[in-house]
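**Q** Okay, here's what each chain looks like letter by letter:
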Amino acid sequence: MAVCVAVIAKENYPLYIRSVPTENELKFHYMVHTSLDVVDEKISAMGKALVDQRELYLGLLYPTEDYKVYGYVTNSKVKFVMVVDSSNTALRDNEIRSMFRKLHNSYTDVMCNPFYTPGDRIQSRAFDGMVTSMMIQVC
Amino acid sequence: MEGLTLSDAEQKYYSDLFSYCDSESTKKVAAHGRVLELFRAAQLPNDVVHQIMELCGATRLGYFGRSQFYIALKLVAVAQSGFPLRVESINTVKDLPLPRFVASKNEQESRHAASYSSDSENQGSYSGVIPPPPGRGQVKKGSTSHDTGQPRTSADQQEPVSPVVSPQQSPPTSPHTWRKHSRHPSGGNSERPLAGPGPFWSPFGEAQSGSSAGDAVWSGHSPPPPQENWVSFADTPPTSTLLTMHPASVQDQTTVRTVASATTANEIRRQSSSYDDPWKITDEQRQYYVNQFKTIQPDLNGFIPGSAAKEFFTKSKLPILELSHIWELSDFDKDGALTLDEFCAAFHLVVARKNGYDLPEKLPESLMPKLIDLEDSADVGDQPGEVGYSGSPAEAPPSKSPSMPSLNQTWPELNQSSEDTAIVHPVPIRMTPSKIHMQEMELKRTGSDHTNPTSPLLVKTSDLSEENKINSSVKFASGNTVGQQQAGVVAQPPAVPPRPQPSQAAGPVVHRPVDADGLITHTSTSPQQIPEQPNFADFSQFEVFAASNVNEEQDDEAEKHPEVLPVEKASDPASSLRVAKTDSKIEEKTAASAPANVSKGTTPLAPPPKPVRRRLKSEDELRPEVDEHTQKTGVLAAVLASQPSIPRSVGKDKKAIQASIRRNKETNTVLARLNSELQQQLKDVLEERISLEVQLEQLRPFSHL
Numbered sequence: 001m002a003v004c005v006a007v008i009a010k011e012n013y014p015l016y017i018r019s020v021p022t023e024n025e026l027k028f029h030y031m032v033h034t035s036l037d038v039v040d041e042k043i044s045a046m047g048k049a050l051v052d053q054r055e056l057y058l059g060l061l062y063p064t065e066d067y068k069v070y071g072y073v074t075n076s077k078v079k080f081v082m083v084v085d086s087s088n089t090a091l092r093d094n095e096i097r098s099m100f101r102k103l104h105n106s107y108t109d110v111m112c113n114p115f116y117t118p119g120d121r122i123q124s125r126a127f128d129g130m131v132t133s134m135m136i137q138v139c
Numbered sequence: 001m002e003g004l005t006l007s008d009a010e011q012k013y014y015s016d017l018f019s020y021c022d023s024e025s026t027k028k029v030a031a032h033g034r035v036l037e038l039f040r041a042a043q044l045p046n047d048v049v050h051q052i053m054e055l056c057g058a059t060r061l062g063y064f065g066r067s068q069f070y071i072a073l074k075l076v077a078v079a080q081s082g083f084p085l086r087v088e089s090i091n092t093v094k095d096l097p098l099p100r101f102v103a104s105k106n107e108q109e110s111r112h113a114a115s116y117s118s119d120s121e122n123q124g125s126y127s128g129v130i131p132p133p134p135g136r137g138q139v140k141k142g143s144t145s146h147d148t149g150q151p152r153t154s155a156d157q158q159e160p161v162s163p164v165v166s167p168q169q170s171p172p173t174s175p176h177t178w179r180k181h182s183r184h185p186s187g188g189n190s191e192r193p194l195a196g197p198g199p200f201w202s203p204f205g206e207a208q209s210g211s212s213a214g215d216a217v218w219s220g221h222s223p224p225p226p227q228e229n230w231v232s233f234a235d236t237p238p239t240s241t242l243l244t245m246h247p248a249s250v251q252d253q254t255t256v257r258t259v260a261s262a263t264t265a266n267e268i269r270r271q272s273s274s275y276d277d278p279w280k281i282t283d284e285q286r287q288y289y290v291n292q293f294k295t296i297q298p299d300l301n302g303f304i305p306g307s308a309a310k311e312f313f314t315k316s317k318l319p320i321l322e323l324s325h326i327w328e329l330s331d332f333d334k335d336g337a338l339t340l341d342e343f344c345a346a347f348h349l350v351v352a353r354k355n356g357y358d359l360p361e362k363l364p365e366s367l368m369p370k371l372i373d374l375e376d377s378a379d380v381g382d383q384p385g386e387v388g389y390s391g392s393p394a395e396a397p398p399s400k401s402p403s404m405p406s407l408n409q410t411w412p413e414l415n416q417s418s419e420d421t422a423i424v425h426p427v428p429i430r431m432t433p434s435k436i437h438m439q440e441m442e443l444k445r446t447g448s449d450h451t452n453p454t455s456p457l458l459v460k461t462s463d464l465s466e467e468n469k470i471n472s473s474v475k476f477a478s479g480n481t482v483g484q485q486q487a488g489v490v491a492q493p494p495a496v497p498p499r500p501q502p503s504q505a506a507g508p509v510v511h512r513p514v515d516a517d518g519l520i521t522h523t524s525t526s527p528q529q530i531p532e533q534p535n536f537a538d539f540s541q542f543e544v545f546a547a548s549n550v551n552e553e554q555d556d557e558a559e560k561h562p563e564v565l566p567v568e569k570a571s572d573p574a575s576s577l578r579v580a581k582t583d584s585k586i587e588e589k590t591a592a593s594a595p596a597n598v599s600k601g602t603t604p605l606a607p608p609p610k611p612v613r614r615r616l617k618s619e620d621e622l623r624p625e626v627d628e629h630t631q632k633t634g635v636l637a638a639v640l641a642s643q644p645s646i647p648r649s650v651g652k653d654k655k656a657i658q659a660s661i662r663r664n665k666e667t668n669t670v671l672a673r674l675n676s677e678l679q680q681q682l683k684d685v686l687e688e689r690i691s692l693e694v695q696l697e698q699l700r701p702f703s704h705l
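Order-wise, the sequence lines are chains F and H. So that you can map any letter, position 122 of the first sequence is 122 in full-length UniProt numbering, and since no number is skipped, the others follow by simple counting. So that you can map any letter, position 58 of the second sequence is 58 in full-length UniProt numbering, and since no number is skipped, the others follow by simple counting.
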């Protein structure tokens, strides 16, 4: 259901980005990049409040005619960005939330791996598998 | 390379394998995934596998087309028979047995069994039989292979031989054995009329040639062997390419095959004797792993932290990426630390990798740690380090909490509530000490929300039995820490040694959780067995537990003296302490003493020094708590409620947080497991669907059925 999934580090460089291969992937990369501004804006908007009070799920960041971009940020300022197809109307907010939760869980598992140094690209197969399960089935 | 000649059996087998590997039905198979698994299951060294892939052209193309796949399979058979790998050997080697795939045996078997069990279903055989990953298939395979047993084995021999074009090369006895064993087919094969396989074969062959992209492969296709051969082959579908070589089959094989192949057969037999699980850990290996574990972590029930494990495994000189993958596979509960089982699994994977085996995508079943480790180790790991946790209820549980952000919101509230009411949801606690700790945690949790996490825990606890002693001792250690937490308030003598007797520990510990909260209100929700909440504060609770152990059975008694108990509680701990000290038949003694104490309602007169000490303290603690306890104690809590509540509240924050962390983790693992199971089911269903589609495709040209 997602067309593109990206994990952005705190310093705003991508730790993991993966798109449905049929499309022009560069376009998705660009969309994710531009969405970072929106994420930052949303974070800073509640910057005064305590981190705890901030929702991890940011919701719809911005819609385009073809796609919608959703964001999610963790307490360590790692951002998850998901691009979904606008035509995929059945996707409800709850589903997006659950997808982000799954992403977060998998990301936590990756973090727990002592062989993974934070800041590296995520190369975990388990993480890949989980993302694959969330992305649109190509065939 | 294109002039591959295949016999019928080979054809069928190869196409089956191809369909199996070609789950996307794109007529080409990526070089990774199932094909690699398949080849790995062929028990060939890695370089041979690579050579095969190169020879068949897959590396050139980047994927396996049908012809490449068939060539590769043929080469696998060649390699397994001991012949050198060459392109010419594809066609020149006669009497080549079908390639054997150890791990995938089960799949083949089940698939073939299903396919051959009935005529009409032959082409639809894939339904529901697309095998699970090899690791899981082991169990099935073992059972089915044993079932089929002897009759298959000799027929098995014949099967590879019979379809081969030149019958004169097969031993003269083979035709006889064919006929003989054609009557002993597996399952329902015997019923199959001879005509069945015939039409099946020809359409199948046509379908294959029609659908195959590599038609050149079929160009040299030999004419179908006589019907009899089909029957025997059909009758022995599971055996057909199986790999599970029985010793009898090995003998037969030697008559048919060259000596070289016999050695591989022996190898396979050895493997099959060990249930053909390439991931099974032998005893000596396990011993070695355990020793290595001890060098890092002397406590066999403890954890190896991630950093230590990282250093250790880095010494193996495997690339970090692979080590990372191994870690992912072996850290089952995803807690960043390795228990003994997880460590053995990781070590085994490292060893396998160094020997050339490719890493599986999923942890094989034989390497999976038992569930008990999850909770126990979680508790054990947590307890020693948790002496001084902050008491802020609002703090979400650390580390893993982000993984459940939605739950995080609830944790703080729960913690608060748990603190305020000191009400712990009583959970049915089994007498196994290993679960005691969990139950303590469970009891700490508030509300019904946690019943869910607890129930799976309880289910899991039921499985535990082996680690009672160790766990109990651990529990005592944790109990000690608990006591120490309260040391600030009550000078709990930390010197009280952990009760050495596991049985005792079991008793007291079990009741600990029961004790702690004395939330009788919740007792109704849980079996009467463990009504009392674990009272961590008071180490003397152990004895109390021992007493309460008895009390469980004597709920009535406790019920009778709810009010009297506050005073008696002091006596109970003391007496129970004393009982516990006796180191034997504690339960009996506690049983004796508990009722005695209960009935007496007086403090023990001459308890041993330690119990006295504790008793005094507990009495002090009890005094202020009496009121609270009387409020809370409903039915059984009486004895258990004797736990000092003042120190409890101090430790409650930590406990609550600990409990919530633990609960979180448990829920996490439970849900993760559930998720994986559901995923697996989904995968199975998808495979079924694919197989059905394949069948449909094959059926379409024919007005079959």
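Fair warning: there could be bad hints in the mix.
Said to hold, decoys possible - Computed cross-link-like contacts, BS3-like style, restricted to lysine-lysine with a CA-CA straight-line distance of at most 27 Å: (1) F:Lys102 x H:Lys317; (2) F:Lys77 x F:Lys42; (3) H:Lys280 x H:Lys310; (4) H:Lys294 x H:Lys317; (5) F:Lys102 x F:Lys10; (6) F:Lys102 x F:Lys77; (7) H:Lys310 x F:Lys10; (8) F:Lys102 x H:Lys294; (9) H:Lys280 x H:Lys315; (10) F:Lys10 x F:Lys42; (11) H:Lys280 x H:Lys362; (12) H:Lys683 x F:Lys102.
None of these hints come from the bench; they were simulated from the model.
**Q** For every hint, state whether the structure bears it out.
**A** Quick rundown of the hints versus the structure:
1. F:Lys102 x H:Lys317: Roughly 33 Å separates the two Cα atoms, so the pair is violated.
2. F:Lys77 x F:Lys42: holds, 12 Å
3. H:Lys280 x H:Lys310: holds, 23 Å
4. H:Lys294 x H:Lys317: Status holds; Cα separation ~21 Å.
5. F:Lys102 x F:Lys10: OK: Lys102 of chain F and Lys10 of chain F at ~19 Å, within 27 Å.
6. F:Lys102 x F:Lys77: holds, 17 Å
7. H:Lys310 x F:Lys10: holds, 25 Å
8. F:Lys102 x H:Lys294: Violated. Lys102 of chain F to Lys294 of chain H sits at ~35 Å, over the 27 Å cutoff.
9. H:Lys280 x H:Lys315: holds, 23 Å
10. F:Lys10 x F:Lys42: holds, 15 Å
11. H:Lys280 x H:Lys362: Answer holds: Lys280 of chain H to Lys362 of chain H is near 14 Å, not above 27 Å.
12. H:Lys683 x F:Lys102: Satisfied, since the Cα-Cα distance of roughly 19 Å is no more than 27 Å.
Checked against the numbered hints given earlier, this structure breaks hints 1 and 8; the rest are met.
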